[in-house]
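Participant: Letter by letter, the chains look like this.
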Amino acid sequence: MQLNFELNGQPVTLFVDGAMRALDLLRERCGITGPKEGCGSGECGACAIWIDGVTKLSCLMLAAQLQGRTVTTIEGLAKDEPHPLQQFFVKKGAVQCGYCTPGMIMTAAELLTHEKMPDREMIRNAISGNICRCTGYHKIVDAVEDAAEAMQGLKP
Amino acid sequence: MITLLPETLEDLWEIFHHQPDYKPMAGGTDLLVRMGVDKKQPPALVCLEKIHDLKTIKKTRDGIRIGSGVTLTELLKNDLIQENLPILHTAISTLGSPLIRNMGTLGGNICTASPAGDTLPALYLLGARVTLYSDRGNRILPLDEFIQGPGRTLLADKEILGSILIPPGDRFNVHHFEKVGQRKALAIAVVSLAALLKVHGGVVEEARLAWGSVGPTIVRSREAEKALEGRKLTLTTLNHAADLARSAVSPISDVRASADYRRRVAGNLLLRLAV
Ligand SMILES: Cc1cc2nc3c(=O)[nH]c(=O)nc-3n(C[C@H](O)[C@H](O)[C@H](O)COP(=O)(O)OP(=O)(O)OC[C@H]3O[C@@H](n4cnc5c(N)ncnc54)[C@H](O)[C@@H]3O)c2cc1C
Ligand code: FES
Ligand code: FES
Chain V
1 MQLNFELNGQ
11 PVTLFVDGAM
21 RALDLLRERC
31 GITGPKEGCG
41 SGECGACAIW
51 IDGVTKLSCL
61 MLAAQLQGRT
71 VTTIEGLAKD
81 EPHPLQQFFV
91 KKGAVQCGYC
101 TPGMIMTAAE
111 LLTHEKMPDR
121 EMIRNAISGN
131 ICRCTGYHKI
141 VDAVEDAAEA
151 MQGLKP
Chain C
1 MITLLPETLE
11 DLWEIFHHQP
21 DYKPMAGGTD
31 LLVRMGVDKK
41 QPPALVCLEK
51 IHDLKTIKKT
61 RDGIRIGSGV
71 TLTELLKNDL
81 IQENLPILHT
91 AISTLGSPLI
101 RNMGTLGGNI
111 CTASPAGDTL
121 PALYLLGARV
131 TLYSDRGNRI
141 LPLDEFIQGP
151 GRTLLADKEI
161 LGSILIPPGD
171 RFNVHHFEKV
181 GQRKALAIAV
191 VSLAALLKVH
201 GGVVEEARLA
211 WGSVGPTIVR
221 SREAEKALEG
231 RKLTLTTLNH
241 AADLARSAVS
251 PISDVRASAD
261 YRRRVAGNLL
271 LRLAV
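From first to last, the protein sequence lines are chains V and C. Every letter in the first sequence is one number past the one before it in UniProt numbering, and letter 89, counting from 1, is 89. Every letter in the second sequence is one number past the one before it in UniProt numbering, and letter 175, counting from 1, is 175.
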């Protein structure tokens, strides 16, 4: 089928098979390698992307479902300079192997679009579907907290 | 496999007419996982997510009507649900993870008909009814009739679950849902309990109790309910009801827990109602 959607601000037209997953379309056909395959079954969050601004799992979506949608991946999150979350993940050591990071940041970034100053409990809850094997989560929560403050102009 | 995305119910009936071997899909969180495990695909998959008629929540004289395609996250954020159906709200907040709830729908949870389906015990107690849509017209069934067993419903050929109606109920003042799982997020229930009680002057006037994951489908125990009615919520009363609950359930053993453990927990969960 012919598929038209917007990917990180650019219109895309492609022909795809009805059985192809959104994750494979992005990685193999669009050269977008931010979303990763961890579990392939909805449990790890490494493949998280935004569909019309809502975080979804691209391993449990068919490419066909992107029809007419606005898709944002980690590649499209930052505008001119890295998103504050990206900056604070680096600063706080919240990235180790980095495999979970794109999904983790997409989830956290959606949280910050409707919750300007989330507390640690809210952050933990929001990222509870994103698994990180390396960091122990503490630094990730620190980074999200600091990024939120920075976005409110409370932190340099 | 072809994937179709109709935007109206009329388009859907048209597809069903031409494509007899379709499979409907809402959020895909059960279906795509299952297809991955079975390595089997239907000839056609019909995504319902673009059909606007399936995505509304309304309060009417008959109660609160929830479109089958409303996502679990949308339900959690909805004021009507928060204010009128706290037990359903709590149950949904324990389902999967925020990312699963952004995709999964109430209709999908019902049609999967899993004994561990987290919305089901609450919906049973609330007397939910389902409206099934087809191009032959609509029909309404009580939810506990619609669900026949694990993965089995009364959904007919070329029919979809359109909406879920929760009739205006009596005012309960205890709304309790608790799920025992192996961890906090992303845990399928090992045992769950939903309870709605009307308590006045410390005495239980009416009790409704339903357990998940302890039988082929949701289990209600009229005996355990009766053991609470007319009594105070003391540990003695609850212990007696818990014994009756343990004999009412018929759990299985699986990788997550033994039947024995489930039977014990099913009773123990009642003790949480003590005041
Ligand atoms: C990682 C993970 C964790 C999960 N955790 C939980 C949990 O804790 N508790 C829990 O209860 N569930 C859990 N689930 C299961 C699942 O997310 C829920 O059951 C969800 O509500 C299913 O909704 P869906 O829209 O994704 O269904 P889909 O996968 O789209 O559909 C499920 C089934 O229903 C049919 N169907 C869907 N909508 C309709 C309709 N309108 N009419 C007719 N048939 C229809 C489909 O054909 C399919 O057979 C989990 C799933 C995953 C992947
Ligand atoms: S790869 Fe999608 S959730 Fe793990
Ligand atoms: S940094 Fe390695 S998985 Fe999170």
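Be careful, since some hints might not be right.
Cβ-Cβ distance ranges computed for the label pairs, FRET-style [what the hints assert, rightly or not]:
{"id": "1", "chain 1": "C", "residue 1": "K198", "chain 2": "V", "residue 2": "V54", "range": "51 to 59 Å"}
{"id": "2", "chain 1": "C", "residue 1": "A259", "chain 2": "V", "residue 2": "Q10", "range": "53 to 61 Å"}
{"id": "3", "chain 1": "V", "residue 1": "E81", "chain 2": "C", "residue 2": "P142", "range": "53 to 61 Å"}
{"id": "4", "chain 1": "C", "residue 1": "N173", "chain 2": "V", "residue 2": "Q2", "range": "34 to 42 Å"}
Rather than coming from a laboratory, the hints here were simulated on the basis of the structure. Backbone N, C-alpha and C fix where the C-beta goes; we use that ideal spot for every residue, glycine too.
Participant: Compare the structure with each hint and give your call.
Facilitator: Status of the hints after comparison with the structure:
1. C/K198 - V/V54: 51 to 59 Å: Hint violated: Cβ distance 38 Å, outside 51 to 59 Å.
2. C/A259 - V/Q10: 53 to 61 Å: holds (55 Å)
3. V/E81 - C/P142: 53 to 61 Å: 57 Å Cβ-Cβ, so the 53 to 61 Å window holds.
4. C/N173 - V/Q2: 34 to 42 Å: Cβ of C/N173 to Cβ of V/Q2: about 56 Å, so the range 34 to 42 Å is violated.
Of the hints listed earlier, those the structure fails to meet are numbers 1, 4, in rising order.
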